[in-house]
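Peer 1: Residue numbers (our numbering), protein chains in the order written: chain C, 1 to 296; chain G, 1 to 296; chain A, 1 to 296; chain F, 1 to 296.
Everything labelled a hint here was simulated from the structure, so no lab data went into it.
Errors might be hidden in some of the hints.
One copy or two, either will do: identical chains are not told apart, so a pair holds if it fits within one copy or between any two.
Capping the alpha-carbon separation at 30 angstroms, the derived lysine-lysine pairs in DSBU-like fashion look like this [said to hold, decoys possible]:
#1 K259 to K122
#2 K24 to K173
#3 K271 to K128
#4 K149 to K259
#5 K259 to K37
#6 K149 to K122
#7 K173 to K149
#8 K271 to K122
#9 K37 to K149
#10 K259 to K188
#11 K173 to K122
#12 K136 to K37
#13 K122 to K37
#14 K37 to K173
Protein chains: 4
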Amino acid sequence: MAGAEAITEGSTADYIPELAHVPKDLIALTVQATSGKAISVANIPEHPATTLQSVSKLIPLIGLLEEFGADRVFSWVNVEPSGSDFASIARLAQFGPRPSNPMLNAGAITLCSHIPGEAEDKFRWLDKWVAHLFNKKLSINSTVLASEKRTGDNNRAIAYLLQSTGSLNASVKETLDLYLTLCSYEAKPQDLIHLPFLLANGGVNVDGERILSDDTVKCTLAIMGTCGLYNESGSHMVKTGMPAKSGVSGYILAVVPGKAGIVVLSPRVTKKGTSVRGEWILEQLSQQLGWHFALQ
Amino acid sequence: MAGAEAITEGSTADYIPELAHVPKDLIALTVQATSGKAISVANIPEHPATTLQSVSKLIPLIGLLEEFGADRVFSWVNVEPSGSDFASIARLAQFGPRPSNPMLNAGAITLCSHIPGEAEDKFRWLDKWVAHLFNKKLSINSTVLASEKRTGDNNRAIAYLLQSTGSLNASVKETLDLYLTLCSYEAKPQDLIHLPFLLANGGVNVDGERILSDDTVKCTLAIMGTCGLYNESGSHMVKTGMPAKSGVSGYILAVVPGKAGIVVLSPRVTKKGTSVRGEWILEQLSQQLGWHFALQ
Amino acid sequence: MAGAEAITEGSTADYIPELAHVPKDLIALTVQATSGKAISVANIPEHPATTLQSVSKLIPLIGLLEEFGADRVFSWVNVEPSGSDFASIARLAQFGPRPSNPMLNAGAITLCSHIPGEAEDKFRWLDKWVAHLFNKKLSINSTVLASEKRTGDNNRAIAYLLQSTGSLNASVKETLDLYLTLCSYEAKPQDLIHLPFLLANGGVNVDGERILSDDTVKCTLAIMGTCGLYNESGSHMVKTGMPAKSGVSGYILAVVPGKAGIVVLSPRVTKKGTSVRGEWILEQLSQQLGWHFALQ
Amino acid sequence: MAGAEAITEGSTADYIPELAHVPKDLIALTVQATSGKAISVANIPEHPATTLQSVSKLIPLIGLLEEFGADRVFSWVNVEPSGSDFASIARLAQFGPRPSNPMLNAGAITLCSHIPGEAEDKFRWLDKWVAHLFNKKLSINSTVLASEKRTGDNNRAIAYLLQSTGSLNASVKETLDLYLTLCSYEAKPQDLIHLPFLLANGGVNVDGERILSDDTVKCTLAIMGTCGLYNESGSHMVKTGMPAKSGVSGYILAVVPGKAGIVVLSPRVTKKGTSVRGEWILEQLSQQLGWHFALQ
């Protein structure tokens, strides 16, 4: 971690003011090989729980894939890398109406509108899938949620544009409430390791139980591998070879298929929203452990 | 193959008239597992050699990576998926001057301008790398080359735009001569299997000799996995999980890291330049043999 | 009018369902030379009042220019023709944050957010300027207003995008209420002639009273001449030479500086929202009366 | 002129190195009212002749309009303001194949490909129209022409893109030779006044002879009024109300229909290629003489 601590580039995202309250220099890492137990380390042992932000986009994607299948889900949203930033409305306006992929805000918002059930049931659906994927309950950080709601105009613009072309399956208000709630789940890295472990282990948990179908694992990792870091996905794959999903809070969930799940958290992020030290750590793991997918 | 033959969508690309002379319904496949020998099948046994087209973009990428290293090469061209089609000049004009990735025409043209040597030496460099990567000499189809030169105005526009921003390291004429020559190498699938096999086998050939460095294999597969099929790369990875490179002649080179190299050729292509039957065959192989990278 | 009646291209805009209730074949024309009285003709004498739609964008532009001056107003919105359609959000996202011009939805929405006063006062401000510019009160068509509100998601997307970049001076809700109300003023052509007459007569009414400043007249006509018909402004000026403002209901207000004001109404519009027969009539007037500005 | 001399913003365009040799602080003005003789003033009386640059785009436009008529010419190029800069290839790639308007490089290059005749005849055609429009012969600055040819890669990119979509009526080489020659005609302001005078006087010269048709004058002034200064056309019309054409050498030709032709030359230009002091002078003339078209 000394290497990572030497990196002082990047800063916490300022458009969600609450994120500035996380210790900027935190580095926390949890790794679980498919053959073993989770190991966690952190340079600030008593660090607070941190919101998942865009890492949460995996939740509706996986839940809907399991419940509706890939054909239905990919009739709502495309799966192509976009070459644009996570919140790009120009891309949606020019190439839409269907969002380019489920990792962009437009795609994740669209998927939230397809969460089944009425009113509160939809929030229960989120809780259910959070519990299923992380094997524990996560709580909502209501201060961050309030902060998101106060500053979410770009997402509102995206949602109304989607609604204007008939791409939403629920009202803008209901859809954004779900989307912003989703971003506000909070956890520590060790609380999140179950999902990347599952994806690395073909959808099967440590007890040998199938938790996710083969198909869902394939779709999810392919999407993480091509669009998980928006317009840094290509250089991320060159350096690490690990399908991953980043969040602007500094989380990265990464998967080494067949070998390991990884969660890293470090709040200094690039302008594109990727943890600077987190990427450095993934690159080191990839190189030193031969975990680049190209060398499997 | 019966399944593939039932597909009658797609047609041969019409902007290179010579391509129309390949038998449209041809399906030819070569597969080589890392543990075994190459196996080839075709529905038209005596089919002619076919030009590589964009599959050749791998040649300067790999040759330059080996000779100059990733840092130098990626200072000339980015490695991000672009969300645009292979010949997009709008993308280059809007997001340039550096091309988005080496699989787009703009990126491959830029790389051709960095091929070392003077005049004819550069063409010898191509022959050298062709021989190294495919373990045999390939010849140039001079009729296709003439056809490319006659119809290459979009590529000329790209090259002059690159030159206007100082992105080329050689003259437009010299650079395009190399680029169009590159596209005109011709072969049968069995002639091409050596490269995807090498990439699947970590850069080492059947005799255990290292032919490509680890680093080159990692960069190349990451780029194939995120940008190898342009704006069909995402859905290709969802369906097959195989890093691959397509060519408008109907070739697809695909790699199952650690397991197998694949070459498939079938000339009916989508509007985005991907072999329709070729993709179907890769999808079948992925599903039936468990070759999706997510399930390694 | 026989010539105009022979034209059967175009149809009423379908995204505001209420507009379909206007008689599609109506042609109504009012002309007032600076030297004379207004003359009105119509092929359906008892036609209903019709909403102004985008023609109303002139109201906040002129009112704000008069009250705040050009420097202030053009710090809120640019005055460049955009080459994009009236509702383009891609343009705003790519070239913003400041809207390209006050005739685009984004520009008019921005101007509505700068209407002075609190709450109901702002609506009174609109009524005041309507009365000033048209020399009579106009009423709101509440059915059209309801229709606009129900279908206004693209405008909501624009407004939230503007708010996300700090370009609005009032809440999205308040701003859109004003904007949609503005579009719903209704009138017959003879009710609207006062404004184009004023602009043709240098801001002075028939009684010789100055109603608008020189500066406002200059700014308004320059904007109408370059952006009044969005991405049909260039061909409109080639054919007619008359600065003008179109509305999707089929209205065009046109000005022949120094010579005449014109209001024409005919509901068949192009995909870009311009009255087909209305343009034809303006072209005839321009040619037969020598009213092209180039020949003044 | 004291006011104009106080302005020190802007500089000579650096992409045509020869332009840097013109005295940067020169201000030269020629005005000819339709009722009188031309009057010329300059702060550096013995200043050298300066190349016309984009002002020359008027020559093929007017010549072709006279010889082929508006319908033919506007089937080759649109007449819409583009909201983009003069050399935008992104716009052409996205909205083409037909160029947006004849004042953009893409539009002027397209028109050059339609100049009639074989080989040298086409250059004679240019000389003929130069003599007709300016009532004198102009010579070519061969140093500037060489400079243009050496640095014209962006224009080559545009021309090849046009050729790739079948928009050119002659070879790229021949077309660009004509286009770059066109830009290299040189003159002093008093040598150029005949054309704006003609356009101000409805196509008729001082002796009452008709030199240009009504139709050509209308089309030309409408295009100058909407696209003559690219994406500064709107603010130019707000400030001056004068249809005009700018060139990167610092020339602006402006027309007050019915009243006067104006040529101003001052080499400091904005990033968009408009003479800074030239615009200031036009604005003063417009205000002090009531020459804004809105107040005719």
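Peer 1: Determine for every hint whether it applies to the structure shown.
Peer 2: Hint-by-hint comparison with the structure:
In this homomeric assembly, K259 and K122 never come within 30 angstroms of each other (Cα to Cα): the closest approach is 34 angstroms inside a single copy and 42 angstroms across copies. Taking CA atoms no more than 30 angstroms apart as the test, K24 paired with K173 passes in neither setting, with 33 angstroms inside one copy and 37 angstroms between copies. Taking identical chains as interchangeable, the C-alpha atoms of K271 and K128 are never at most 30 angstroms apart, the minima being 33 angstroms within one chain and 42 angstroms between chains. For the identical chains of this complex, K149 and K259 are neighbours neither inside a copy (39 angstroms) nor across copies (48 angstroms), given an alpha-carbon limit of 30 angstroms.
Taking identical chains as interchangeable, the C-alpha atoms of K259 and K37 lie at most 30 angstroms apart whether they share a chain (12 angstroms) or sit on different chains (27 angstroms). For the homomeric pair K149 and K122, the shortest alpha-carbon distances inside one copy (18 angstroms) and between copies (27 angstroms) are both at most 30 angstroms. For the homomeric pair K173 and K149, the shortest alpha-carbon distances inside one copy (11 angstroms) and between copies (16 angstroms) are both at most 30 angstroms. Taking the closest pair of Cα atoms, K271 and K122 never come within 30 angstroms of each other, the shortest separation being 32 angstroms inside a single copy and 40 angstroms across copies.
For the homomeric pair K37 and K149, neither the shortest alpha-carbon distance inside one copy (38 angstroms) nor that between copies (57 angstroms) is at most 30 angstroms. In this assembly of identical chains, the alpha carbons of K259 and K188 lie at most 30 angstroms apart only when taken from the same copy (22 angstroms versus 36 angstroms across copies). Taking the shortest Cα distances, K173 and K122 sit within 30 angstroms of each other both inside one copy (13 angstroms) and across copies (27 angstroms). Taking CA atoms no more than 30 angstroms apart as the test, K136 paired with K37 passes inside one copy only; the shortest distance there is 17 angstroms, against 48 angstroms between copies.
Proximity of K122 to K37 under the C-alpha cut-off of 30 angstroms is found in neither arrangement, the shortest distances being 33 angstroms within a copy and 53 angstroms between copies. When the C-alpha separation of K37 and K173 is checked against a cutoff of 30 angstroms, the pair qualifies neither within a copy, at 42 angstroms, nor between copies, at 53 angstroms.
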